[in-house]
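So you can see what is in the structure, the chains are spelled out below.
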Amino acid sequence: MKDQKKAMSRLWGLAILLAILFFSSFLWGRMPVSPKAAAGILAWRCGLPVTVSWTDQMAAAVLNIRLPRILLAMLVGGALSAAGMTYQNVFQNPMASPDILGASSGACFGATLAILLEIPAVTTMAFACSLATVVMVYFVGRRGRGSRTMNLLLAGIMVSSLFSAGISCIKLVADPNSKLPEITYWLMGSLSGAAGEDVSFILLPLLAGLLPLLALRWQLNLLTLGEEEAASMGVDTKRLRLLVILCATLLTAASVSASGMIGWIGLVIPHLSRRLVGNDCRYLLPASILFGALFMLLVDDISRTLLAIEIPIGILLAFVGAPFFLHLMTRKGGWA
Amino acid sequence: MRISVENLSFSYDERPVLQNVTFAAGEGEVLSVLGANGAGKSTLFRCLLGNLFGYTGSITVEGQDLRRLSPRKRAKKIAYIPQSHRPTFGYTVLDTALMGTTRHRSPFLSPGKEQEALAWEALARVGAEQLALRDFSCLSGGEQQLVLLARALAQQADILVMDEPASSLDYGNQLRVLQMARELAAEGYTVILSTHDPQQALRFSDRVLALAEGRVVALGEVGEVLTRDLLRRLYHVETEFYMTPKGAVILPEVRE
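In the order they appear, the protein sequences are chains A and B.
Mapping to my numbering: the first sequence position 275 is 275, numbers consecutive.
Mapping to my numbering: the second sequence position 115 is 115, numbers consecutive.
Hints are supplied without guarantee of correctness; some may be wrong.
If you want a taste of the chain B side facing chain A, the calculated C-beta under 8 angstroms gives, among others [said to hold, decoys possible]: (1) Phe53; (2) Pro71; (3) Thr92; (4) Asp95; (5) Arg103; (6) Pro107; (7) Gly112; (8) Leu133.
Under the rule of at most 30 angstroms between Cα atoms (straight-line distance), these lysine-lysine pairs were calculated in the DSBU-like manner [to be verified]: (9) A:Lys238 with B:Lys113; (10) B:Lys76 with B:Lys113; (11) A:Lys238 with B:Lys76; (12) A:Lys5 with B:Lys77; (13) B:Lys113 with B:Lys73; (14) B:Lys113 with B:Lys77; (15) A:Lys238 with B:Lys73; (16) A:Lys238 with B:Lys77; (17) B:Lys77 with A:Lys6.
Source of the hints: derived by calculation from the structure; they are not laboratory data.
Cβ atoms here follow ideal geometry from the backbone N, Cα and C, with glycine treated the same way.
Put together the whole structure using the sequences plus the hints.
Quick look at the structure:
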């Protein structure tokens, strides 16, 4: 099959690019590290016998600062775009993004509350609030009359605005000298200060979300046809939707709680991936994950190396991504 | 009988939409469902497809109660060809046909070689092989209907439920799709289709089920039950039936 071969080769292309960028990311930063040294440090960390040709500071920069950050960027980017793609299919809506059921605003509310009350576990709090928000949206949306999808989306928008108001309230009462800047910075989204714990914290929810989605990815295609058609072809739509929404929510909640408000990537990357490999989720889901990881890692590399100070990745993503997206949207040939 | 419906009743918010509908359809026949807008055709189809469960009465497919079947088992018995289909995201024709094979494998698996062969075979059956790599949404209405038919064939269910298969097609494609329905019935499928055109029902189906306000007003061989009186009752119009050697021609009356 010609199309499938093309999609497959593009998937490989993405994987190879990601591997190259992954390795190069260790080299960039305030402390220059040669490729040989970086490879040596990584090999040494994996327990391979190599002669030491680097300084301790280099090893510390590569292993303690860059490695967790690189891993986090890839995980968050891949997870958010997988979640976005999934929501787009479930809601049959190309405009759906990971924020759609309130996962982002819930996480942000949790994080700001944790900062205000000086609870140290900001990430955990954000994660818990995010899940709680989506569960709330889900149950409220289910009780409404008429179209379930519409109710869920409306409930998501309403609950999101409720939490935005909550965040504003917290900002209002937060100490403008210490807590307010911290809150603002968190909300902008940033991977700075990523540590090994952050990676291990989100790894489990990410795997729990991604593996079922990957296994069920063929059926994700059928969800775009609507419930009745999908059911007529043997899809248990009720269970599948619930399971898939749960997975996508886990992905979003974990990502946003580790990195702040950058759910935006989950709208754009799936669209770019659709252009690249088509809409068949057998290829689209892996492509979204790889592309998301690649894009996020690239933007994060820029955000930590471009200027002497760190540019919050949320800002940079919007500055880099939005014009790019608009260009693609308006160029000849449109989306096809 | 392959599928039998007994005393099927359904209400939306206490407004009865179907009342004591009873009929059956067997191997190798085309059953046309006639009725004015709002007569309950769509609701009947939604019940047959297992999308509405709040009905009373029973639907039995090959001896099994439809309500007790899982979606996957239901899909093994009944395939659905929707009236029109506007996908949110574009899929190729081959992928569209391949979706019909979903029930053959566990939900956790993607279609394999066997399923792909089935999809190709089904496309070939409706003569849409050469469209396989094109985007479904770029096809003409007639081609789309054929591909949806192929999708249902790839599902390998014995009963085909077609919701107004001819409604959005040009005259030639209408006839081609209905001709295909006839051929499939001759191969042993049970085809249940809804239509708004009594002439087509007369020409292409074996039996007719007529619904008015949710009740069965006629059920039987098409030549016997499709009459002036039935059309007056269903649509409140006057018609003339002219007999020709190849069957009746229905002429609607024109008031000057």
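Cross-check of the supplied hints:
no.: 1; hint: Phe53; verdict: violated (11 angstroms)
no.: 2; hint: Pro71; verdict: holds (5 angstroms)
no.: 3; hint: Thr92; verdict: holds (6 angstroms)
no.: 4; hint: Asp95; verdict: holds (5 angstroms)
no.: 5; hint: Arg103; verdict: holds (3 angstroms)
no.: 6; hint: Pro107; verdict: holds (6 angstroms)
no.: 7; hint: Gly112; verdict: violated (10 angstroms)
no.: 8; hint: Leu133; verdict: holds (6 angstroms)
no.: 9; hint: A:Lys238 with B:Lys113; verdict: holds (28 angstroms)
no.: 10; hint: B:Lys76 with B:Lys113; verdict: holds (19 angstroms)
no.: 11; hint: A:Lys238 with B:Lys76; verdict: holds (19 angstroms)
no.: 12; hint: A:Lys5 with B:Lys77; verdict: violated (34 angstroms)
no.: 13; hint: B:Lys113 with B:Lys73; verdict: holds (22 angstroms)
no.: 14; hint: B:Lys113 with B:Lys77; verdict: holds (23 angstroms)
no.: 15; hint: A:Lys238 with B:Lys73; verdict: holds (16 angstroms)
no.: 16; hint: A:Lys238 with B:Lys77; verdict: holds (20 angstroms)
no.: 17; hint: B:Lys77 with A:Lys6; verdict: violated (36 angstroms)
The structure fails hints 1, 7, 12, 17 (numbered hints given earlier, in ascending order).
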